[in-house]
Each structure stands twice: as structure tokens, then as C-alpha cells.
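Residue numbers (our numbering), protein chains in the order written: chain A, -15 to 234; chain B, -15 to 234; chain C, -15 to 234; chain D, -15 to 234.
There's no promise every hint is true.
[To be verified] With the C-beta cut set under 7 Å, the calculated list includes, among others, these residues of chain A facing chain D:
{"#": "1", "residue": "Met(-15)"}
{"#": "2", "residue": "Asn77"}
{"#": "3", "residue": "Val120"}
{"#": "4", "residue": "Asn148"}
Keep in mind that the hints were calculated from the coordinates and are not lab data.
Bear in mind the structure is a predicted one, so any value in this text is a computation, not a measurement.
The C-beta atom is built at its ideal place from N, Cα and C for all residues, glycine as well.
4 protein chains.
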Amino acid sequence: MDDLIIGEHKLSSRLIIGTGGAANLEVLERALVASGTQLTTVAMRRADAEGGSGVLELLRRLDIELLPNTAGCRTAAEAVLTAQLAREALETNLIKLEVHADDRTLLPDPLETLEAAERLVADGFTVFAYTNDDPVLALRLEEAGCAAVMPLGAPIGTGLGIRNPHNIELIVSRASVPIVLDAGIGTASDATLAMELGCSAVLLSTAVTRAADPERMALAMRSAVEAGYLARGAGRVPQRFWAQASSPPR
Amino acid sequence: MDDLIIGEHKLSSRLIIGTGGAANLEVLERALVASGTQLTTVAMRRADAEGGSGVLELLRRLDIELLPNTAGCRTAAEAVLTAQLAREALETNLIKLEVHADDRTLLPDPLETLEAAERLVADGFTVFAYTNDDPVLALRLEEAGCAAVMPLGAPIGTGLGIRNPHNIELIVSRASVPIVLDAGIGTASDATLAMELGCSAVLLSTAVTRAADPERMALAMRSAVEAGYLARGAGRVPQRFWAQASSPPR
Amino acid sequence: MDDLIIGEHKLSSRLIIGTGGAANLEVLERALVASGTQLTTVAMRRADAEGGSGVLELLRRLDIELLPNTAGCRTAAEAVLTAQLAREALETNLIKLEVHADDRTLLPDPLETLEAAERLVADGFTVFAYTNDDPVLALRLEEAGCAAVMPLGAPIGTGLGIRNPHNIELIVSRASVPIVLDAGIGTASDATLAMELGCSAVLLSTAVTRAADPERMALAMRSAVEAGYLARGAGRVPQRFWAQASSPPR
Amino acid sequence: MDDLIIGEHKLSSRLIIGTGGAANLEVLERALVASGTQLTTVAMRRADAEGGSGVLELLRRLDIELLPNTAGCRTAAEAVLTAQLAREALETNLIKLEVHADDRTLLPDPLETLEAAERLVADGFTVFAYTNDDPVLALRLEEAGCAAVMPLGAPIGTGLGIRNPHNIELIVSRASVPIVLDAGIGTASDATLAMELGCSAVLLSTAVTRAADPERMALAMRSAVEAGYLARGAGRVPQRFWAQASSPPR
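Just chain A, with the same shape it has in the complex (with noise of 0.2 Å):
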């Protein structure tokens, strides 16, 4: 695989993990290991159940970059806040930006979110904004100078997998910077799914760290996104109402 150029960060991993539903420290190292990612998200506003710092300091160990998110934030104002104090304190300009609208759905609130995105941009972040799979809004994000757009494939937690494959399209054929598949993926198809509709990477949590075998999940995971990633870049053969023999007879 390419390198994947998000601002001015470069991974040659396409597969971002969220640390948010592991049941330890331990559980959650190996799934990092076995996923290959280099870059993982943790929340600064909730509790992971590895609890306290230990999550940071395990990063730091393993190497992998950290991405603060501001999941648990209602409003613009408190997702700026929040990122402004994860800056501070862990030293990172980098932000995925979530502004949840209410607990049942956990799905991102478009106006604050679109708000929350100018504001961090122009306070110099490099800003992963996590949106719903509209394609107006995905654009208005980019030109709001967010680094990605992260687009949802379901609600997050529901392992619905990618609901609209469409609106995943549009927003790929029109956007300029990385695309993210984020929330919704359930199992390795459909992260494979993702990067085949175009994706530059997936973003996943629960998917791993709730598996029943969380390591060997996060390696089917590493997988099925380079898979989609190489199939998208093959040229699929077209699809058929009719059959076609694969060689004509002799």
C-alpha cells in the first residue's frame, strides 16, 4: 500500500483503532499489535475501561501516534475546549473532531460540528472531523480545511456495517482529502467494503476490542483493509445479468 498523507502526517497503515471497549490493558496491546496501526484515537472525556493514563503510556510504548477525540462533547464550544486541552496536555495538534447530538444515536450533530470544525482549523489543528454520510457536508467540512473527513457507515456501535454505499461514493468522487471510514463496521467485509467504494482508510473500535478474540479480529481487520485497498486499485471486473464462460470453448 501507498503511504496515506493525512495534513502532514504520513502512515503506512490504513487502519486507525479506537481504544474505547477493551477489556484491559493487555487485551488491548495485542489487538494494537496485531492491527499494525499507527495511529489510534482515545477519548479525553471518557472513561476507557483500561482506565487513567495507562492507554497514553501504552501508545507511547508501542509507538503509535495518538489521536485525541472529543467523543462525550454536545457543542462546538466544548469540542474546542476539549481539543485545546488535549493539545496542551499530550502535545499533539492532531483532533477527531466528534460532537455527539444525544446519547441514542451517538450520531455527530451537523452545525456544531461544522462550527467546531472552522474554529479548530483556524486555531491550527489538523483536524479528522468525524460527520454523518452526507455528501453537502462532507464537502462544506473540507472546505472548512479539515485534514479528513470521516464519514459514518452506521450509527457507532451498531456493527451495521456501510448503510449507504452510495452516499460513500458521492463523498469519495468529489472529495480532495482522505476520506475515513468511521463507525458502523461490524466485521471484515465490511471494511474491505469501504476501501473498495474508495476510502483512504477505516476507523474502528468496538468491531476489535468487543470481538470475542479481539487480536486475531484486529488481524482480520489489517487485512481486509489492505484487501479493499489493493481490490479498488486492481479495476474490478464488471458486473453481468448474464453468465460468461472464463474461457471460450476449444
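Given chain A, put chains B, C and D in place with the hints provided.
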């Protein structure tokens, strides 16, 4: 991945390739190597693009086991005769049984297939039976002594993927022999899904040989099969209607 | 809707109802009337909820033609015998042929079904053949002289709808006799889709009889079949990737 | 069907038609009559095929209520002005709010739509708001005082049906105002599904006006909406993995 045992044969790759549709021998060689396949099927009655016996020499050189197939046969009698000629000429008791009902669908003829399977098993062949996705016929073929049952995802050459995952799940849930997804694969996520549904392996030809870049698509399929195999074993998260946060509020 | 001709029978309703699953005769009567059906199938070997001969009297009173079926039979011989007993007792040469392979899937046994069809046609029956959605077997049943071929949408009682629309389209595109979608219908849109795919009629039982409100669901199915029939003939608009304004700018 | 109440308006038909795309006034008239619609939307800024004021006279003659729309507007300001001109000219306070972000997708601009909705509600309009299928924005539009929220199934004119049924279900499950499926409908089963998902009505234009036979497709859509409405209320059977006989063995 664990080794796949079919009859008396042991395979560490779960990707079986068909040679039909390759532009020439060089392209085919690169694709086969990239795929990591250890078992490749060649039509005894079809003129493969590469012509003549070149493909057989190629497989020998690459140390890939040959799985002759009876594509192009319309009756049990034709298929049995073709299999016997293949065994004699190629010194293998492996046979991929294909009895096509007609040229427009290339769908297997269920009655002729079952009859041919019974006769070939009685004649000492290790039979890989290409079949539709009917769970009843799949069980009959297993009972007839086939070493592997190979339901289609969609008609040959359509690239439509797995049209009926429910049937594949029904087949897998009752099978005691390996189920190999055969025909219909269009891109990597199709192969990943096949393995997630519980198939033991995937067989494909033109999805690789007719891709814009066959070598790259072969690499993609290799990763895709691995991803699906690992994900199946890793125990995916359940699907939910409402969202669920990956970590509880702090 | 045009009349539907099956064998020598003419039907103005394209909704065929099965009586199985009804809570009692009153519920069944209201559902049958609401459905507008003119042809209703009764299992000769099963104890319908309404018990005894009540259902036959009900059909007579409602002037609904009876289509006896062989549900519960496991072999061609059983099915032929059941059909002959039905003809004698009920004075109809109509028979819905069902040979179930096993209890968990209730899927039709393809070989026994085909053999029974041949024998019943030779014996003068007007045969409605319940079959899987295999386009090859559908054609064989037509060639055997069946008056109608009845592929399933999904296994009986699953309510999964039409699992493989592609197969139904393949069957319809090659058929010269009416294709009736049988089994798997769960709700109205499934019936509409069946007709849009080109089926001539829809047969369903528990989608109506086990709905919370069977009479209302019967009305829904009546409209659903009509909607799909009309839409098929109306020539739908093509699908597009990009939007298209309904009217040009002024 | 129960009457549908939107704002102060009562409708016995749950099919709202758009006039765009009709070949001429005669075709449009036959389609409108066949559809049974009582509410029809006309673009204030677009040249409908029928031209000039003919369509308005036609609606008056057929006693169909007019729902002016703001299609073609790009900003909240344009939409508000267009709505005000429509109110003055047509003596109706109904307005279908559409603010399209661009010509290729014709997707609604979420921010401009919400702003326009707030201003129109404050100005005394009964607002039908065309929106994407984002459950968060749908709730915001309801909170802004819209009388009906109209999520799309797919982009205008694509005929792709309902790309994301999960989102429509999420929207319906939290709504207190009628949800009207708007845009994307291609054929009858799409309309049936919309109603089964819990929508209160369906709005469509070119699925009827550009069908090969618009009058017949209008009839189909009328039945399709009725079917879906009835089925929703009838309480469908659950989906099962394994089969279930409709009646127990005798």
C-alpha cells in the same frame, strides 16, 4: 490459517484459482504467484487463452496442484468420461465436477451433477462438486461422497458476488465436508464475505484474470480470504438498532 | 389487471392464499374475503388450525377454488398418492406439488419434485410445482408439463422475502408458463417486488394468517400484488448514480 | 387509510405528486387523476414541461391542493423570498422547502435548509422540509416547527429507492410530526417499503411522470402506498433463520 483438508489433500492456502480468462501465460503466472494458491483448476474441454499445454507446465513449474475440471460438459456421461481422460493424462484423482445446463446461465444441472458425482465417487475420484446454492442438493452431494461441495455465489462470470448469503449459511450449518464458494465473486469483499459465512475456501477465475491488474487483484483476494477466515473465527460483535458508546462516560 | 390463465383456469386475482396458520375459521374467512383470492391451497396431510373439513366448506361457501397441496410429503411416491387421493375426494385435477426434503428447511427436494411432476402430468393433473429458485430446475419443471412453476423467495415461514431477486428474474426471463412466487413473503413490499420481477402471481400463507391483524394484512397483500403488477407493466425509470432534476431550470 | 393530518390540512390520500418531468398537460392530468393525490407540488423557479400557468389551472380544476416548492434555490434567503412570492401569488401558506446544495446531487443543504425553515415558520408558513436522511437534522427541523419532515430515499431523479432504511426507521421512531419519504422512489415496491418503515406519506415525481406509462405507474403507486400503510398497521410476522411449517403435522 489452519490447513484445509479436502479428501487426502492438505492446503495452507484457501484460495483456489481457475486459469480461464487470462490474457497470456505471463499474466497468469504473476497472478498465480501473487495469489499464493496451491490448487488451480483447468478446464479439460476448453481452450484457455494461453493455449495448448503451457498452463499445465506452468502449474508444474510453480508446484501448484492441478484440479482438472469438466466445464463444458452437458451430461453426467460426458463429465465422467472427461474426468477419466483427465485422470489418465494427468495422473490425478482430483476432479472438479461441472455439468452446465446451458450456455446463457452456465448454471449446474442438478440431476446430471448428482448422477455424475455418484459415478465418479464410485470410480475412486476425489470429487469437488460445483453446484447451485440449494441446501438440499448440497447435502445430497455430500451424502454421495463428494470431498468438497462448491455452491455458487452467482452465475459464472457475472461478478455479482454472493446473491443469497442465507443459503450459503444454511449449507455451511449442515455440512460435514468443506464448502467452497465457487463462481460469482467479483471483488475482494465478496471473498471476505464468503469466508465469514463459514466457507472453507473460495474458488475464482475471471475476478482475477480479467481484472484490470490481475496480479494486484490476486494479492487482494489472498488478503480477502485471510481476512474473512480470521474474522469468522474471531467472533464478530452483534448488530444493534441503536448506538452504543465504545466506552462509558467517565 | 389482466386475467391470469393457469392451465384451463382463469383468475382475476393474482394472490393465492394458503390456509395454514390461521387461528380459527372466522379469522381465516375474514382474511380470505379481504384478500380477494380466487384460489386457495390446503394441505392434504396437515392438520390446519381450523381442523377437519371446516376449511373446505368455507372455501365452497366463499366460491374460492381449492388447490390441494402435498405439503408434508417426502417422496415422489407419497406426493403422487396424496394428489390422487385429493383428486378423488375433492373432484379437482389441480394439485400444488410440494415434496419437502426435511423439517428444518422445508425446502423442496429437487429430484423427487421433478419425478413427481412428471408422473402427475402424465396422470392428467394440472400441476403447480413448488420449487427452489434454481433457474435450471424451473425450466425442467416447465418442460415436464407443469402448468405453473412456483419458486420460493425464502424458506417456508421465514418471512425473509425474496433472497435472490436475480434468480427470479432469470426464471421469469426464460419461462413460458406462469411463475408464481411461493414461500418467504413476510410483508407487502415483498409481494410488490415479486410482481415487479415479473412473477404472474404470489402465494403466501403465514404472512397473512400469522400477522397481528390477518384481515388487514390480507388487504395489504391484495394492494401490494396489484401495485407490483401495474408497476411492472408501466415501465419504471432507470436507476442513475447522479441526480437529475425533474424539470429543467426556467 | 386514516386521514393524514399535516398542520391544519387533512388528506385522505397519502401520495403527494410532483409535476416535474411530465411530457405534457394531458399526460399529467391522467397521472394525477389515477394517483388519487390531493396535494401536488409545483416548482416556483423551474419551467415545468407543461409550461406557464397551465399546471396551476389544472390543479384547480381537479380540486388538488397546491404545494408550492422552492426547488432551484441555493440559499435560505432565496428560499424564503420564493416562498413569500408563492404565498402572495397563490394564496396558500403551504410551502415545500427545498434548498439544493449543487446541481450534480441536488442534495439539500442542511444549514441553509434549517435556517430557512426557522424563518418560514416564524413568518407563518406551514413548512414541509425536504432534507437528507440524517436523524439529527430531521429532529432539528421538527423542533424548528416544520409541519412535516421529508427525508430523501436517494438523490432526486436517481430512482435508487430507499438507500438507508435504517435511517428512515430512526427518524420515524423519534418523530412527532408526519415523516414523508421524498425523492429517490423508482418503482412501486420502494413506496410500499417507505410506508412499512413508518412514513406517513410518499412524495414522488419522475417515478410517475417519466415512466413509460405514467398513468399506469400512478395507479401502481396509489396501490403501493396503500399496501405499505396497511401492512405497517397489520403487524408483520418476524423473520426467522430456519423454516417453520404453516400448520403442524396432523
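Here is what the structure says about each hint:
no.	hint	result
1	Met(-15)	violated, 29 Å
2	Asn77	violated, 27 Å
3	Val120	holds, 4 Å
4	Asn148	holds, 4 Å
Going through the hint list in order, the structure does not satisfy hints 1, 2.
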